[in-house]
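**Student:** One line per chain: the protein sequences are H and B, in this order.
The first sequence begins at 1 in the numbering used here and counts up by one.
The second sequence begins at 1 in the numbering used here and counts up by one.
Some hints here could point you the wrong way.
Not the full set, but computed from the structure, chain H residues with beta-carbon under 8 angstroms of chain B [stated by the list, open to error]:
| hint | residue |
| --- | --- |
| 1 | Tyr37 |
| 2 | Ile38 |
| 3 | Gln91 |
| 4 | Val93 |
| 5 | Phe97 |
| 6 | Met100 |
| 7 | Leu142 |
| 8 | Leu152 |
| 9 | Glu167 |
| 10 | Gly178 |
Coverage of chain B stretches by chain H, computed from C-beta distances (three or more under 8 angstroms per stretch; other residues unrestricted) [what the hints assert, rightly or not]:
| hint | segment |
| --- | --- |
| 11 | 93–105 |
| 12 | 133–145 |
Hints listed in this document are in silico derivations from the structure and should not be mistaken for laboratory results.
Positions of the beta carbon are idealized from the N, C-alpha and C atoms, including for glycine.
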Amino acid sequence: MMAAMITAMTATTLKAPLAMFSATAPLMPNIPHAADYIRILPEIVLSIFGMVIMFVDPLMDERKSQKTLGGIALLGAFAAIAATLFQAQPQYVGLGFWNMVRVDNFSSFFHFLVAAITAVVILTSYEYMEVQQIRAGEYYGLILFGAVGMSLMSSAVELVLIFIALEISSISTYVLAGFRRRASISSEASVKYFLLGSFATAFFLYGVALMFGATGSTSISVIAEKLAAGNHSLLVYAGVALMFVGLGFKVAAAPFHVWTPDVYEGAPSPVVGFMSTAPKAAVFAVLLRIIFEAHVPGTLWLIWVAAALSMTIGNIAALVQNNVKRLLAYSSIAHAGYLLVAFAALPANGIPAAMFYTAAYAAMNIGAFAVVSHFANAGERYVKMEDYEGLGRRSPILAATLTIFLLSLIGIPMTGGFFAKFYVFSAIAQAHLTGLLIIGVLNSAIGAYYYLRIIVVMYMREAQEEVPVTPIPVGLGLALALSLGATIYLGVVPNRVLIYAQTSVSELTSSSAPIASGSQANSAMASDGH
Amino acid sequence: MLHLILFSVFGLICVAGAVNLLVQSHPINSALSLVVVMGSLAVEYLLLGAEFVAAVQVIVYAGAVMVLFVFVIMLLNAGAEEHTKGSIIALALGVPGMLIAAILIAWVLVTKSGIHPLSLNALPGHPKDIAQLLFHDFLLPFEVTSILVLIAIMGSVVLASRPEAIEHSKKES
C-alpha cells in the first residue's frame, strides 16, 4: 500500500511541472485558474481525505483504527458537502478545465446527494466493521475515492472524463463488494460484478468511440450541436445503443440486471446500500445529460422497453424471494425501471421527476439496508424472511423505521416514495405514453405485496427461534435518523427539492445551443481568473 | 549524410538482432535479442522524425512488454529448444519463402508507390501536439486517471491479501 501512495504522489508531482511547461504553447490561458479548482473542489476534498486515511491506517494499531478511520472518512464526507455548497455559489457556476466539467444546479444537486449518501454509509459502517471484523483502512478509502468518481460523473460534460469517472466509481464498488473475505459468497459477488461490469464499461467505451467517429467530438455540447445540425448517421444510433447498454448495466436495468441479486446478496450490507444508490444516482445524471442535453436520437423506445422490462421483471421476481437482501435487490431493479420511465417523458417534467426520484430512492433504500446490516449480525447470518419474525416485539424502534422505509418504497403518501412515483407518473401522463403509464401503475400495485409481506412477518408472526437483536449503536442510529428524516421531509414538503430540480431543466436543455453559451462561460471564467 | 549512415547502421543492427532471435535456441537469449530489435527500431523512428513513436516504442515495447516476456519465460522455466523433423522442413521452406516475399515487398514499395522525399518535420504527431491535448485540453481526465490507478492498486491489495490479514480474529482481542 505504501508503494501505491508513492506512485500516486510521484504521478501528481511529475505532472504538475509538465502542465506548466505547456504554458509556452501559443494558446491563451494555459494554466488552470483558481476557479477551475473550485469547480472540482468536492472531488479534491474527497481525494485528500481518502489519502489521509491511507496514510493514517499503517500508523495505527489494526484493532483500534476502525473508529478513528471512520471518523476521518465521515469528516471527509461532510467537508465534501461543505465544498459543494461553497461551489454552488453563482460566481463559480460555469465550465471548468477547458470544457471538461460544468458546475450548475444540476451538478450541485448530485454532488450533494453523493456526499450525503457517502456520509450515511460511513455512519452505517461505523459499528458494522467491528461486528463483521473487516479491516477499515482500504474500506473507507475506497468509499471516498468511489465518491470522487461519482461526483465527477455528475459534473463532467465530456465523454472521456465521464468514462474515467465511471471506471473509478465501478472499480471501487467491485472491490467493496468483496470485502467480507471469509464469506465465499462475497468473493463470488466481487468476481461476478467485476467480470460483467468490465464487459459493460467496454460497451460504453465502444459507444463513446462510435459517437466520436460520427460527430468528431466527445464533448456533450459539441455532440448536441452536431446532432442538432442533422447528423443522424447509423453510427450515431449504434453509439447511443452501446452507451445505453453500458449505463443500463450500471443502474441494474433489465435486461442487463442479471448480476444484481447475486452481488447484493454477497456484498456487505452497508456497501449494498452505497452501491444501490450513489453510483446509480451518478449514472442517472450521466443519462440525463446524454439524453436531454446531447439530444441523442432513438432513445425513446430503448428506454420504453428497458423501463417496462425492469419494472415487470424486478417486481415479479421479488415476489418469490425469501432472502431480504435478494428481495431488496429485485426491488432496486424495479425502482430503476420507475426511474427510467421519467426519461421517456418530456424534458420539462422528466428531468425534475428523475432527479427527485433519485434523491427519494437514495433516502429510503439506504435506510432499509442500514436496518438490514444491523440486524444481520456477525457474518450476516440473519437475512432470511423467517429471521424477521417477531421483530416488531423484540426491537420496536428498528421494526418501525424499517416499516417506514418499506412504506416509502411502496409509495404511500407522507413518504418520499409517494411523491417520487407521483411526479414520474404525472410526467409520463403528460407525454401521452399511456402504455408505459399503465405498466408502471400495475407494477407499483404488485410491488406493494412483497414489501407488505416483510411488515406482516415482522409484526404478526411469532418467532420460531430466538434471533439476537443488539441495541442500536450511535453511528447506525444517526444514519437511520438522517435517512428517516430525508424520507419524511421529501414526503411532506417536496416542493423545495422539486423547484430546485426544475431549475436544472433550463440548464440542461438551453445548452443545446451550446457553443455560444459555452464560450461565453469560458470567457467569463477567464476574466474572473485574472 | 550522417542521418543515412546512422539509419543504415541501426537498420543492420535491427536485422542482425532479428536473425539472432531466430538462431538462438534458448528462449532468454531470443528475448534479449528482441530487446535489441525493439531498441534499434526506436532509433530508426527517431531518425525518421517520429519522436513520440520512438519514445512509446522504448517505454511500451522495449520496457513493459519485454519485462512481461522475460517474466513469463522465467515463470515457465523453459529449457532449450529442440529440433524436430517438422522444424527442419519449416526451415527449408521458410527461409527461401521469406526472402522471396521480402524482395517482392521491397520491389513493390520502390517502384509502384509514389514515394517522394519529405522533410523531417512535415509529418503530424509531434510530441508538442500530443502534449497540448494531454496536458491542456484533457488535463483533468489525465490527472483523474491517477486516482483510477490508485484504487486499482488498493483493490488488488485488499483482494490478494489473506482473509486473516483483513479480518482480524475476535479471539485475539
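**Student:** Interface hint check: Met100 (chain H), Cβ to nearest Cβ on chain B, cutoff 8 angstroms. Holds or violated?
**Tutor:** Hint holds; Met100 (chain H) Cβ to chain B Cβ min 4 angstroms, cut 8 angstroms.
**Student:** At least three residues with a C-beta closer than 8 angstroms to a C-beta of chain H: is that true for the segment 93–105 of chain B?
**Tutor:** violated (count 0)
**Student:** With chain B as the partner, please determine if Glu167 (chain H) meets the hint condition of a C-beta pair closer than 8 angstroms.
**Tutor:** This interface hint holds because 6 angstroms falls under the 8 angstroms limit.
**Student:** How about the segment 133–145 of chain B: do at least three of its residues have a C-beta closer than 8 angstroms to a C-beta of chain H?
**Tutor:** holds (count 11)
**Student:** Closer than 8 angstroms between Cβ atoms is the bar; does Gly178 (chain H) clear it against chain B? Give me holds or violated.
**Tutor:** Holds, about 6 angstroms.
**Student:** Would you settle whether the hint for Val93 (chain H) is holds or violated, based on the nearest Cβ-Cβ distance to chain B being less than 8 angstroms?
**Tutor:** Hint violated; Val93 (chain H) Cβ to chain B Cβ min 18 angstroms, cut 8 angstroms.
**Student:** Quick check on Leu152 (chain H) please, does its C-beta sit within 8 angstroms of some C-beta on chain B?
**Tutor:** Holds: closest Cβ of chain B sits about 7 angstroms from Leu152 (chain H), inside 8 angstroms.
**Student:** Does the interface hint hold: is Leu142 (chain H) within less than 8 angstroms of chain B, judged Cβ to Cβ?
**Tutor:** holds (6 angstroms)
**Student:** Are Tyr37 (chain H) and chain B close enough, Cβ to Cβ, to be under 8 angstroms, as the hint says?
**Tutor:** Not OK, violated: Tyr37 (chain H) not within 8 angstroms of chain B, min 10 angstroms.
**Student:** The hint names Phe97 (chain H) as touching chain B; please verify it with the least Cβ-Cβ distance against 8 angstroms.
**Tutor:** Cβ of Phe97 (chain H) sits 4 angstroms from chain B, so the hint holds.
**Student:** Measuring from the C-beta of Gln91 (chain H) to each C-beta in chain B, is the shortest one below 8 angstroms?
**Tutor:** violated (20 angstroms)
**Student:** Are Ile38 (chain H) and chain B close enough, Cβ to Cβ, to be under 8 angstroms, as the hint says?
**Tutor:** violated (13 angstroms)
Consistency with the previously given hints fails for numbers 1, 2, 3, 4 and 11, ordered from lowest to highest.
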